[in-house]
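Take the given structure of chain A and dock chain B to it, following the hints.
2 protein chains.
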Amino acid sequence: METSKRLFETNRRRMLSAFAALPALPMLFPGSALADLGGDPLPSWNETASKKAIVTFVERVTKQGSPDFVPEAERIATFDNDGTLWAEQPMYFQLLFALDRVKLLAPQHPEWATTEPFASLLKGDVKGALASGEPAVMKIVVETHTGMDSVEFSQIILDWIATAKHPTTGRLFTEMIYQPMLELTAYLRANAFKTFIASGGGIDFMRPWTEKVYGIPPEQVVGSSGKTRFELRDTRPVLMRLPEIDFIDDGPGKPVGINAHIGRRPIAAFGNSDGDLQMLEWAKGGGGVRFALIVHHTDAEREWAYDRKSSVGKLDKALDAAQAEGWTVVDMKNDWKRVFAFEGK
Amino acid sequence: METSKRLFETNRRRMLSAFAALPALPMLFPGSALADLGGDPLPSWNETASKKAIVTFVERVTKQGSPDFVPEAERIATFDNDGTLWAEQPMYFQLLFALDRVKLLAPQHPEWATTEPFASLLKGDVKGALASGEPAVMKIVVETHTGMDSVEFSQIILDWIATAKHPTTGRLFTEMIYQPMLELTAYLRANAFKTFIASGGGIDFMRPWTEKVYGIPPEQVVGSSGKTRFELRDTRPVLMRLPEIDFIDDGPGKPVGINAHIGRRPIAAFGNSDGDLQMLEWAKGGGGVRFALIVHHTDAEREWAYDRKSSVGKLDKALDAAQAEGWTVVDMKNDWKRVFAFEGK
Numbered sequence: 008m009e010t011s012k013r014l015f016e017t018n019r020r021r022m023l024s025a026f027a028a029l030p031a032l033p034m035l036f037p038g039s040a041l042a043d044l045g046g047d048p049l050p051s052w053n054e055t056a057s058k059k060a061i062v063t064f065v066e067r068v069t070k071q072g073s074p075d076f077v078p079e080a081e082r083i084a085t086f087d088n089d090g091t092l093w094a095e096q097p098m099y100f101q102l103l104f105a106l107d108r109v110k111l112l113a114p115q116h117p118e119w120a121t122t123e124p125f126a127s128l129l130k131g132d133v134k135g136a137l138a139s140g141e142p143a144v145m146k147i148v149v150e151t152h153t154g155m156d157s158v159e160f161s162q163i164i165l166d167w168i169a170t171a172k173h174p175t176t177g178r179l180f181t182e183m184i185y186q187p188m189l190e191l192t193a194y195l196r197a198n199a200f201k202t203f204i205a206s207g208g209g210i211d212f213m214r215p216w217t218e219k220v221y222g223i224p225p226e227q228v229v230g231s232s233g234k235t236r237f238e239l240r241d242t243r244p245v246l247m248r249l250p251e252i253d254f255i256d257d258g259p260g261k262p263v264g265i266n267a268h269i270g271r272r273p274i275a276a277f278g279n280s281d282g283d284l285q286m287l288e289w290a291k292g293g294g295g296v297r298f299a300l301i302v303h304h305t306d307a308e309r310e311w312a313y314d315r316k317s318s319v320g321k322l323d324k325a326l327d328a329a330q331a332e333g334w335t336v337v338d339m340k341n342d343w344k345r346v347f348a349f350e351g352k
Numbered sequence: 008m009e010t011s012k013r014l015f016e017t018n019r020r021r022m023l024s025a026f027a028a029l030p031a032l033p034m035l036f037p038g039s040a041l042a043d044l045g046g047d048p049l050p051s052w053n054e055t056a057s058k059k060a061i062v063t064f065v066e067r068v069t070k071q072g073s074p075d076f077v078p079e080a081e082r083i084a085t086f087d088n089d090g091t092l093w094a095e096q097p098m099y100f101q102l103l104f105a106l107d108r109v110k111l112l113a114p115q116h117p118e119w120a121t122t123e124p125f126a127s128l129l130k131g132d133v134k135g136a137l138a139s140g141e142p143a144v145m146k147i148v149v150e151t152h153t154g155m156d157s158v159e160f161s162q163i164i165l166d167w168i169a170t171a172k173h174p175t176t177g178r179l180f181t182e183m184i185y186q187p188m189l190e191l192t193a194y195l196r197a198n199a200f201k202t203f204i205a206s207g208g209g210i211d212f213m214r215p216w217t218e219k220v221y222g223i224p225p226e227q228v229v230g231s232s233g234k235t236r237f238e239l240r241d242t243r244p245v246l247m248r249l250p251e252i253d254f255i256d257d258g259p260g261k262p263v264g265i266n267a268h269i270g271r272r273p274i275a276a277f278g279n280s281d282g283d284l285q286m287l288e289w290a291k292g293g294g295g296v297r298f299a300l301i302v303h304h305t306d307a308e309r310e311w312a313y314d315r316k317s318s319v320g321k322l323d324k325a326l327d328a329a330q331a332e333g334w335t336v337v338d339m340k341n342d343w344k345r346v347f348a349f350e351g352k
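Top line first, the protein sequences correspond to chains A and B.
Under our numbering, the first residue of the first sequence carries the number 8, and numbering increases by one thereafter.
Under our numbering, the first residue of the second sequence carries the number 8, and numbering increases by one thereafter.
The hints are simulated quantities; they were obtained by calculation from the structure and are not laboratory data.
Just so you know, not all the hints are guaranteed correct.
Which copy? The list can't say, so a pair holds if one copy fits it or any two copies do.
[Unchecked claim] With a straight-line Cα cutoff of 25 Å, these simulated DSS-like cross-link-like pairs (lysine-lysine) come out:
id : residue 1 : residue 2
1  : K146      : K134
2  : K234      : K291
3  : K201      : K219
4  : K219      : K70
So that you can see chain A by itself, here it is in the shape it has in the complex:
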């Protein structure tokens, strides 16, 4: 399992392609209700330095007449997704989607019984399936993420996310979101920030549900993507998902993706791993007051504890940078009153 996790970490750039577009559909996402902003806007945060740093920043940039005041249009905040807004253990949820989809499609692919990486996957041997590395990952991505049109893919994601369960908690994946971070996104929006996701994950894996779950609409989601092609199917226009990587929104790709999609530099950025380092540097590198925050996974009881040596969400260089630069590092165990909404208040 460790090997397969490492492999997927290594190959994440190739793995996490995506596409799609679909008007938000009415769905039920238990546990994702936005916090009541009456009174304390951050009720799931303990009264520690992290919360104070957030509130101080927001007050500084929103105070009219202050030298630190930032006009509303420039209040751009970017959030990583995996490990920052929702959990990423025991492996990226998009990978779990891909594995589920292989199982679902297997009856239509009798040849997979004797074709790698599918044969091993279907026997439950993830490690063996991925032994060949990147070619195996690409084969899985091609079979699970491409070949359909953008609307069809959105529906596939919606069907999966409405029913699939997390392998250790048994919860819906949309219940595996961090309540304190959900409150934080809402707090920023209440202060006229525009909140964006900037994730290494697939843009079209996220877009079908981010509005319902996070209050972040599809046009404010940045992520990795595959190429699409406009076609007329009979007379009906479709965007076909092609088996070709378009862009990897990770590491030094994050500022590139943020610039391409938003065209402004964030004044606040939120991440949890080395894949977020350049995004945080980019946000901090602008003029005026800037805010950078790292979620440090320190809570083995309520969530998971991991950092420098983790194969998923490795936090090493970015932790050093945070300490050197004085960025806010959230100690999940001590800073968060609760992690998930399903814990109860």
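Same frame as chain A, now just chain B:
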């Protein structure tokens, strides 16, 4: 001149790359004030079928309880820029920027006196400069649009657009915007639409000024782009503009770019040329009530008259499609009370 225009039309896909990102700067853009929305929201439109079609569409999708009602979040409208929001004659304004920039940079490039395409350009021989076709165009793009960082490029654009004058009207380019279309974007926003630009032009050529001029923020601008790379210059993070095309947002690329940036299908789209055909098809191809509009340049006195045989903004197949499908075709001469704000009311 005709040849060079055709050449640029042909090579537009390669030509119009761009990048950038900069917080909006205080600038004066005469003639771009948004319409007073008290009373008639479209005062520069005559009471013809085009105006009626627009108002009828907006009323249908915004009426609570109506079967055609569209929730606010899904009210996405996309506008082409060249020839739809501002003029595009005698040639694309971004091309005029590139030519101006060659002249500006010439003193730092003594070798250009004997190097094509620059030698011909500097002698005023645009046609000769572009005789070699695409390689010449790419050389001009590389010298004028790349090699600097994103912030520097934004400033270059802002400096140019604040001072450069249109070759035949002598007006600032930001005065060459269509007052009726400006009113239309504002009318849609007043009805909770989110307005986007989807242009074949360079995304970073537009973003520095679209918010001030059109009320459309940089994160709602889709366009052609070049690649950028994240770098640390000393310790300062920058996005360097590379001499490599990333994406061409034209023709069948428009639905692709719209999907990549917005992640939702527009319910209304506005264009003026064959480069907008697929965007209009894509918008119309969704469910429910949809709106597609083409600006037909029929006014040789107040603007320019051109369509099927024009080398710039050719409108041929899209005009046939509009007639076959019943899309709204704006007859600029008869439908618009005034074209530019500087005409006076």
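Hints, verified against the model:
1. For the identical chains of this complex, K146 and K134 are intra-copy neighbours only, at 15 Å inside a copy versus 49 Å across copies, given an alpha-carbon limit of 25 Å.
2. For the identical chains of this complex, K234 and K291 are inter-copy neighbours only, at 22 Å across copies versus 31 Å inside a copy, given an alpha-carbon limit of 25 Å.
3. In this homomeric assembly, K201 and K219 come within 25 Å of each other (Cα to Cα) both inside a single copy, at 16 Å, and across copies, at 18 Å.
4. For a Cα distance limit of 25 Å, the shortest separation of K219 from K70 across copies, 23 Å, qualifies, whereas the shortest one inside one copy, 30 Å, does not.
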